[in-house]
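Engineer: Chain by chain, the residues run as shown.
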Amino acid sequence: VRSALDIAADVRAGRISAVQVAEATLAALARDDLVAVTRVLADRARQEAAAVDAVVAAGGDPGPLAGVPYGVKDLFDVAGLPTHAGSALYADALPATVDAEAIRRLRAAGAVLTCTLNMDEFAYGFATINATYGTTRNPHDRDRLAGGSSGGSAAIVAAGVLPFALGSDTNGSIRVPASLTGVYGLKPAHGSLPMAGVFPFADSFDDIGPFARSAADLKLVCEVLGGAAIDGLGLRVAILGGRFRDNADPAALAAMAEIAPDAPVIELPDIARARSAAFIITASEGGSFHRAALARDPMAFDPATRDRFLAGALVPRALYDEAQAFRAAFKARTAGTLEEYDVLLAPATPTTAPQIADPRILIDGALSPARADLGIHTQPISFLGLPALAVPLLRPGKLPLGLQLIGKPGGEGALFAFAGMLEETGVAGVSPPLGVLQGEMV
Amino acid sequence: MAKLPKPSFSIDPFLLCLIAVVTAASLLPVRGVAAAWVDGLADVAIALLFFLHGAKLSRAAIVQGIGNWRLHGLVFASTYVLFPAVGLALVAGLRGWANPLLLSGLLYLTLLPSTVQSSIAFTAIARGNVAAAVCSASLSNLVGIFLTPLLVALFLQVDTGGAGGGFSWHSVGTIALQLLAPFLAGHFLRPLIGGFIDRNKKILMPVDRGSILLVVYSAFSAAVVNGIWTRVGAGDLLMLLVLSALVLAVVMGVNVLAARAAGLPREDGIVLLFCGSKKSLVSGVPMAGALFAPAHVGLIVLPLMIFHQLQLFLCAVLAGRFQREAIAAEASATLPRTEAGIAAAAAAVGVAIPEACMPGVVANMALLDKHAGNLRG
Numbered sequence: 008v009r010s011a012l013d014i015a016a017d018v019r020a021g022r023i024s025a026v027q028v029a030e031a032t033l034a035a036l037a038r039d040d041l042v043a044v045t046r047v048l049a050d051r052a053r054q055e056a057a058a059v060d061a062v063v064a065a066g067g068d069p070g071p072l073a074g075v076p077y078g079v080k081d082l083f084d085v086a087g088l089p090t091h092a093g094s095a096l097y098a099d100a101l102p103a104t105v106d107a108e109a110i111r112r113l114r115a116a117g118a119v120l121t122c123t124l125n126m127d128e129f130a131y132g133f134a135t136i137n138a139t140y141g142t143t144r145n146p147h148d149r150d151r152l153a154g155g156s157s158g159g160s161a162a163i164v165a166a167g168v169l170p171f172a173l174g175s176d177t178n179g180s181i182r183v184p185a186s187l188t189g190v191y192g193l194k195p196a197h198g199s200l201p202m203a204g205v206f207p208f209a210d211s212f213d214d215i216g217p218f219a220r221s222a223a224d225l226k227l228v229c230e231v232l233g234g235a236a237i238d239g240l241g242l243r244v245a246i247l248g249g250r251f252r253d254n255a256d257p258a259a260l261a262a263m264a265e266i267a268p269d270a271p272v273i274e275l276p277d278i279a280r281a282r283s284a285a286f287i288i289t290a291s292e293g294g295s296f297h298r299a300a301l302a303r304d305p306m307a308f309d310p311a312t313r314d315r316f317l318a319g320a321l322v323p324r325a326l327y328d329e330a331q332a333f334r335a336a337f338k339a340r341t342a343g344t345l346e347e348y349d350v351l352l353a354p355a356t357p358t359t360a361p362q363i364a365d366p367r368i369l370i371d372g373a374l375s376p377a378r379a380d381l382g383i384h385t386q387p388i389s390f391l392g393l394p395a396l397a398v399p400l401l402r403p404g405k406l407p408l409g410l411q412l413i414g415k416p417g418g419e420g421a422l423f424a425f426a427g428m429l430e431e432t433g434v435a436g437v438s439p440p441l442g443v444l445q446g447e448m449v
Numbered sequence: 084m085a086k087l088p089k090p091s092f093s094i095d096p097f098l099l100c101l102i103a104v105v106t107a108a109s110l111l112p113v114r115g116v117a118a119a120w121v122d123g124l125a126d127v128a129i130a131l132l133f134f135l136h137g138a139k140l141s142r143a144a145i146v147q148g149i150g151n152w153r154l155h156g157l158v159f160a161s162t163y164v165l166f167p168a169v170g171l172a173l174v175a176g177l178r179g180w181a182n183p184l185l186l187s188g189l190l191y192l193t194l195l196p197s198t199v200q201s202s203i204a205f206t207a208i209a210r211g212n213v214a215a216a217v218c219s220a221s222l223s224n225l226v227g228i229f230l231t232p233l234l235v236a237l238f239l240q241v242d243t244g245g246a247g248g249g250f251s252w253h254s255v256g257t258i259a260l261q262l263l264a265p266f267l268a269g270h271f272l273r274p275l276i277g278g279f280i281d282r283n284k285k286i287l288m289p290v291d292r293g294s295i296l297l298v299v300y301s302a303f304s305a306a307v308v309n310g311i312w313t314r315v316g317a318g319d320l321l322m323l324l325v326l327s328a329l330v331l332a333v334v335m336g337v338n339v340l341a342a343r344a345a346g347l348p349r350e351d352g353i354v355l356l357f358c359g360s361k362k363s364l365v366s367g368v369p370m371a372g373a374l375f376a377p378a379h380v381g382l383i384v385l386p387l388m389i390f391h392q393l394q395l396f397l398c399a400v401l402a403g404r405f406q407r408e409a410i411a412a413e414a415s416a417t418l419p420r421t422e423a424g425i426a427a428a429a430a431a432v433g434v435a436i437p438e439a440c441m442p443g444v445v446a447n448m449a450l451l452d453k454h455a456g457n458l459r460g
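Residue numbers (our numbering), protein chains in the order written: chain B, 8 to 449; chain V, 84 to 460.
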């Protein structure tokens, strides 16, 4: 499994061709048995790869991601294809006329789009259980969930088929699957990466971000997406306490204590209220967006999301306003505390990947649907619009588990620096899953 | 939590008692040796009142709600900056047009701390942030023990026969002896007597109010002997009512704008409105007894008595309105839970819930309702 940085260096130096990389990737994608891939974009990949090789042959610079293959969650506009957003409702939608802005930027940097990837319908879930496209399997244990809603993107990177993939994160849809499949994932500060051409879920919290197998690859992709270099240092570290410790895997707590033994444990007030407000805002915005389709043909929705969207469409405006008012007050109240630290540590998920046969997790001592509650630790961070980097704890032979490194808006540099340090000291890192399909990257 | 008084839309019964005592003092003022006895008793009553204030003040309540610095800062600024500024401006504008002692009384009331009980009660009725109100009002009262006498010494240039005309060590001594010492004694004895006082508020209220009535009787007796009613007429009382309304309107208006400018949530805006616009009769009357010459106390506290009733009336009306708005907002923010309710709500937004989906929608509504409950704490 080769990193994006290595592939780009080799392609730019002419040691391998982008077409060779693309062909090997397409072959691996064709063997996907994780139910991660929804469409293989073979023609487009070959064309983009050939264009990169042509630039190299002409002595030009194809960009920092030259020839690097990647995939996108099924909600990014890809020119010439309908944007499914994981739903049969959009199977025959009109094709997108232009690429999503994120794809345009990656293409301009030399990256090669190879596939679209599975998700919960309309991104409403933390499970990637999809009635139309199937349930994405966790490469570390195929009987377990990969997490969601960007489960296909996470699984395909964790399996080593692609060095990076794009997902979206509304309440944890990048960080949750990153934690369960053991890869890196970034939810940027709200609104900091381009959303044009991305199918919406809940505008108040929607963001896009990449998955990768190293902090350096993730940073490179973020720099291309954001159009600027990311720098910074994470010196002031604290551990989030209270609600974040109540439903945490003991391994996550032990890792945080090991990473920052002298860091203060700080408590954000009213985290449970924040999570509930986020839940209400998400339900209401999602339900409102799909109201016309729900009125037309509710039975065309995925059974797993249909009832949630129907309920969300009935949230009274006054309750939504109440939740937004709480959000404004909560942001103001926590700003001072958050300003004092560069990196806050918190678990990314309350547990390792749940079984597909019994997709429930233990929250506050009671079994609760994984689809709704795997994001219990990520949702309050989205609520504040803060950037959060999910890092996989290095634990070979065990099911993956991730931590969130949470920063200030614009403070992503500190998060990457801290993630790099964790990687160097052997605390964080990607453990290869056993017996899964692997990319035959040249 | 202690039972909160209901909003009063009528004349406060305590005000009726005050009017009765003022009438009694006017018809039967205490004179001569008896007056000295009543004065002495009033001094004891003042000390007792402040002893009880000290014992009632909960430091834990202050510490618990102290985090909301922005709100407490605004309440403090309203009580000790905005109010005095309005008072000083009014007094400067009316000098020569009204009885100077009444004007001093008007200025005096603007220098007082906020009320504790009624601020909290009105905040609770209006569905405001009660914890913050408890902290803000208690803090205001605590600071007032020190700050109000200082402000009086700084700003009250009145002919009060020695006390209150500029800063004097005499008034410092009086304050220390009559207000501070009993207050601190009560407060430091709180670990021993606080429980008893909190449990027996009903028994202690007559002591509290009786002390105030005694001070008022003593003060008005002295004032009547000095010919108060030959100097103050119905026109003066009407003028005080209008000026009190003006002060309240300015302070409340500024507080509403300040809450909006500071982006305070509704619950905190209510605290600023109620705690920031109150002046304490319970602190003001005995403090006047300690700070001013006996012959002048009656006139000095007259504006406060009128202001007190007006603030109670206005705040009761506002709190009732805010409560109705909050109830209406909660009602319109209620999620439908029954199948019939869900079907009706869905029809209202043009959606028909298929029969097969109803159990799932009901379950999701229950989950949303749980989160709505969490959101409201």
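Source of the hints: derived by calculation from the structure; they are not laboratory data. Keep in mind it's a predicted model, so treat the numbers as computed, not measured. Even for Gly, the Cβ is constructed at its ideal location relative to N, Cα and C. Wrong hints could be hidden among the right ones.
[Unchecked claim] Derived coverage of chain B by chain V (criterion: at least 3 residues anywhere in the stretch with Cβ under 8 Å from a Cβ of chain V; other residues may be distant):
{"#": "1", "stretch": "80–92"}
{"#": "2", "stretch": "277–290"}
[As the list claims (entries may be wrong)] Between beta-carbon pairs, the in silico distance windows are:
{"#": "3", "chain 1": "V", "residue 1": "274", "chain 2": "B", "residue 2": "342", "range": "51 to 61 Å"}
{"#": "4", "chain 1": "B", "residue 1": "37", "chain 2": "V", "residue 2": "446", "range": "37 to 47 Å"}
{"#": "5", "chain 1": "V", "residue 1": "433", "chain 2": "B", "residue 2": "338", "range": "32 to 42 Å"}
{"#": "6", "chain 1": "V", "residue 1": "427", "chain 2": "B", "residue 2": "261", "range": "50 to 60 Å"}
Engineer: The hint says 32 to 42 Å between residue 433(V) and residue 338(B); measuring C-beta to C-beta, is that right?
Structural biologist: About 34 Å separates the Cβ atoms of residue 433(V) and residue 338(B), which means 32 to 42 Å holds.
Engineer: That 51 to 61 Å hint for residue 274(V) and residue 342(B) (C-beta), does it hold up?
Structural biologist: Distance hint for residue 274(V), residue 342(B) is violated at roughly 37 Å.
Engineer: How about the stretch 277–290 of chain B: do at least three of its residues have a C-beta closer than 8 Å to a C-beta of chain V?
Structural biologist: holds (count 9)
Engineer: Is 50 to 60 Å right for how far apart the beta carbons of residue 427(V) and residue 261(B) are?
Structural biologist: At roughly 52 Å between Cβ atoms, residue 261(B) and residue 427(V) fall inside 50 to 60 Å, so the hint holds.
Engineer: Can you let me know if the beta-carbon spacing of residue 37(B) and residue 446(V) is within 37 to 47 Å?
Structural biologist: holds, 40 Å
Engineer: Do three or more residues of the stretch 80–92 of chain B come closer than 8 Å to chain V, measuring C-beta to C-beta?
Structural biologist: The restraint on the stretch 80–92 of chain B is violated, since only 0 of its residues have a Cβ under 8 Å from chain V and three are required.
Of the numbered hints stated above, those contradicted by the structure are hints 1, 3, listed in ascending order.
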